[in-house]
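Asker: One letter stands for each residue in the lines below.
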Amino acid sequence: KAGVTQTPRYLIKTRGQQVTLSCSPISGHRSVSWYQQTPGQGLQFLFEYFSETQRNKGNFPGRFSGRQFSNSRSEMNVSTLELGDSALYLCASSPFGTGELFFGEGSRLTVL
Amino acid sequence: KQEVTQIPAALSVPEGENLVLNCSFTDSAIYNLQWFRQDPGKGLTSLLLIQSSQREQTSGRLNASLDKSSGRSTLYIAASQPGDSATYLCAVSTTGYSTLTFGKGTMLLVSP
Numbered sequence: 505k506a507g508v509t510q511t512p513r514y515l516i517k518t519r520g521q522q523v524t525l526s527c528s529p530i531s532g533h534r535s536v537s538w539y540q541q542t543p544g545q546g547l548q549f550l551f552e553y554f555s556e557t558q559r560n561k562g563n564f565p566g567r568f569s570g571r572q573f574s575n576s577r578s579e580m581n582v583s584t585l586e587l588g589d590s591a592l593y594l595c596a597s598s599p600f601g602t603g604e605l606f607f608g609e610g611s612r613l614t615v616l
Numbered sequence: 041k042q043e044v045t046q047i048p049a050a051l052s053v054p055e056g057e058n059l060v061l062n063c064s065f066t067d068s069a070i071y072n073l074q075w076f077r078q079d080p081g082k083g084l085t086s087l088l089l090i091q092s093s094q095r096e097q098t099s100g101r102l103n104a105s106l107d108k109s110s111g112r113s114t115l116y117i118a119a120s121q122p123g124d125s126a127t128y129l130c131a132v133s134t135t136g137y138s139t140l141t142f143g144k145g146t147m148l149l150v151s152p
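Respectively, the protein sequence lines represent chains A and B. Just so we're aligned, residue 505 is where the first sequence starts under our numbering, counting upward by one. Just so we're aligned, residue 41 is where the second sequence starts under our numbering, counting upward by one.
Quick caveat, the hints were computed from the structure, so don't treat them as lab data. Quick caveat: nothing in here was measured; it's all calculated off a predicted structure. Mixed in with the good hints there might be a few duds.
Facing chain A, a subset of chain B residues (Cβ under 7 Å, in silico) [what the hints assert, rightly or not]:
#1 V53
#2 Y71
#3 R101
#4 S133
#5 T139
Quick partial rundown of chain A residues pointing at chain B, CB under 7 Å, derived from the structure [claimed, not checked]:
#6 G588
#7 G610
#8 L613
Label-pair distances were calculated between CB atoms; the ranges are [as the list claims (entries may be wrong)]:
#9 A506(A) to N103(B): 26 to 34 Å
#10 Q521(A) to E57(B): 43 to 51 Å
#11 T524(A) to G56(B): 29 to 37 Å
#12 D107(B) to N563(A): 27 to 35 Å
#13 N103(B) to L587(A): 37 to 45 Å
#14 N581(A) to T85(B): 41 to 49 Å
#15 R513(A) to G56(B): 49 to 57 Å
#16 A506(A) to Q121(B): 39 to 47 Å
#17 S574(A) to A119(B): 44 to 52 Å
The beta carbon of each residue, even a glycine, is placed where N, CA and C say it ideally should be.
Just chain B, same shape as in the assembly:
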């Protein structure tokens, strides 16, 4: 059974810092990995999707990497801003369908 762990559970940084969020999964036979952002009381916003054949994806200040063999992914946020404050969730798919296994998330607070 696939299990996804995210470390740290919470993170507080001053504005402008570069930061890394970690995600690990137990079964390396994944189809893809997706990073989401969730604001309080809201739905999930897709940030980055990495297919199993890819090593990384970039979107603006965000960069996500994938190392299938070690069962790890990282989300790098450059020059953090208060608007980045949210919970970041990592999810993996082992089927290619819409059955995702989620981590519990990292709650990020960026202070001005």
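Only chain A is shown next, with the shape it has when bound in the complex:
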């Protein structure tokens, strides 16, 4: 069974641009969540989607948004990029009812 797939793996953007990251969950998993990892703050929860509905949202500005499609694939978007948005963005999927998360390899975003 394929794991969680994130694309792109690496990307470089400049301040003010926007970026869209994609995540394909493990087959059968309907919950997808997103996390930001930085050296200073560690891993922080961004948001979670279940059956195309945002179920929970972390404490991030409105520039960070996401969505989930009917096939459970998810995207997150960051608009008006700032230098501080440079981070590893991790996506995780979870099978219904277990609470266990399985993470992808992440998308490393560098903002110049």
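On the provided structure of chain A, position chain B as indicated by the hints.
Answerer: For chain B alone, kept in the frame of chain A given last:
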């Protein structure tokens, strides 16, 4: 607000030693606790999941315990190997959904 602390922040041991990593959390009303491993530049690999009703879980050379009343969990690694070198992260869920609160991790180095 849930806070997770991991001690020590870094640990260096010779191959073959048994070792214990510690995790503490401030709110004992957790749904589950999960231990992850992260290799440099990679995503997270799930090691063990302990539901709130459980006291411990074992997988191979790994054993994780949970004491909800004291807000503590330990990850025991037996007969450590150089391949165990990685950062180990503890995360708790208070909702049963995919909103995890992570510790900052313990960076483990096992020398041959």
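Asker: It remains to establish, for every hint, whether it holds in the given structure.
Answerer: The hints, checked one at a time:
Interface hint status for V53(B): violated, as the beta-carbon distance to the closest one in chain A is roughly 23 Å, over 7 Å. For Y71(B), the interface hint holds, the least distance from its beta-carbon to any beta-carbon of chain A being 6 Å, beneath 7 Å. The interface hint given for R101(B) is broken, as the beta carbon of that residue sits about 20 Å from the closest beta carbon of chain A, more than 7 Å. Residue-level restraint check for S133(B) holds (minimum Cβ-Cβ distance to chain A is 6 Å; threshold 7 Å).
Hint status for T139(B): holds, given a least beta-carbon distance of 5 Å to chain A, under 7 Å. Restraint check, G588(A) versus chain B: the minimum CB separation of about 18 Å is more than 7 Å; hint violated. Because the smallest distance between the Cβ of G610(A) and any Cβ of chain B comes to about 5 Å, under 7 Å, the interface hint for this residue holds. At about 14 Å, the closest approach between the beta carbon of L613(A) and any beta carbon in chain B exceeds 7 Å, and the interface hint on this residue is violated.
A hinted range of 26 to 34 Å for the beta carbons of A506(A) and N103(B) is consistent with their spacing of about 29 Å. For Q521(A) and E57(B), the hinted distance range of 43 to 51 Å is satisfied, since their beta carbons lie about 48 Å from each other. T524(A) and G56(B) have their C-beta atoms about 47 Å apart, which leaves the hinted 29 to 37 Å range violated. Distance hint for D107(B) and N563(A): a CB-CB separation of about 29 Å, consistent with the stated range 27 to 35 Å.
Between N103(B) and L587(A) the beta carbons are some 42 Å apart, a value that agrees with the proposed interval 37 to 45 Å. Taking 41 to 49 Å as the suggested C-beta distance range, the pair N581(A) and T85(B) does not conform, at roughly 27 Å. For the pair R513(A) and G56(B), the beta carbons lie near 36 Å from each other, so the given range of 49 to 57 Å is not met. Checked against the hint of 39 to 47 Å, the pair A506(A) and Q121(B) fails, with Cβ atoms roughly 28 Å apart.
Between S574(A) and A119(B) the beta carbons are some 47 Å apart, a value that agrees with the proposed interval 44 to 52 Å.
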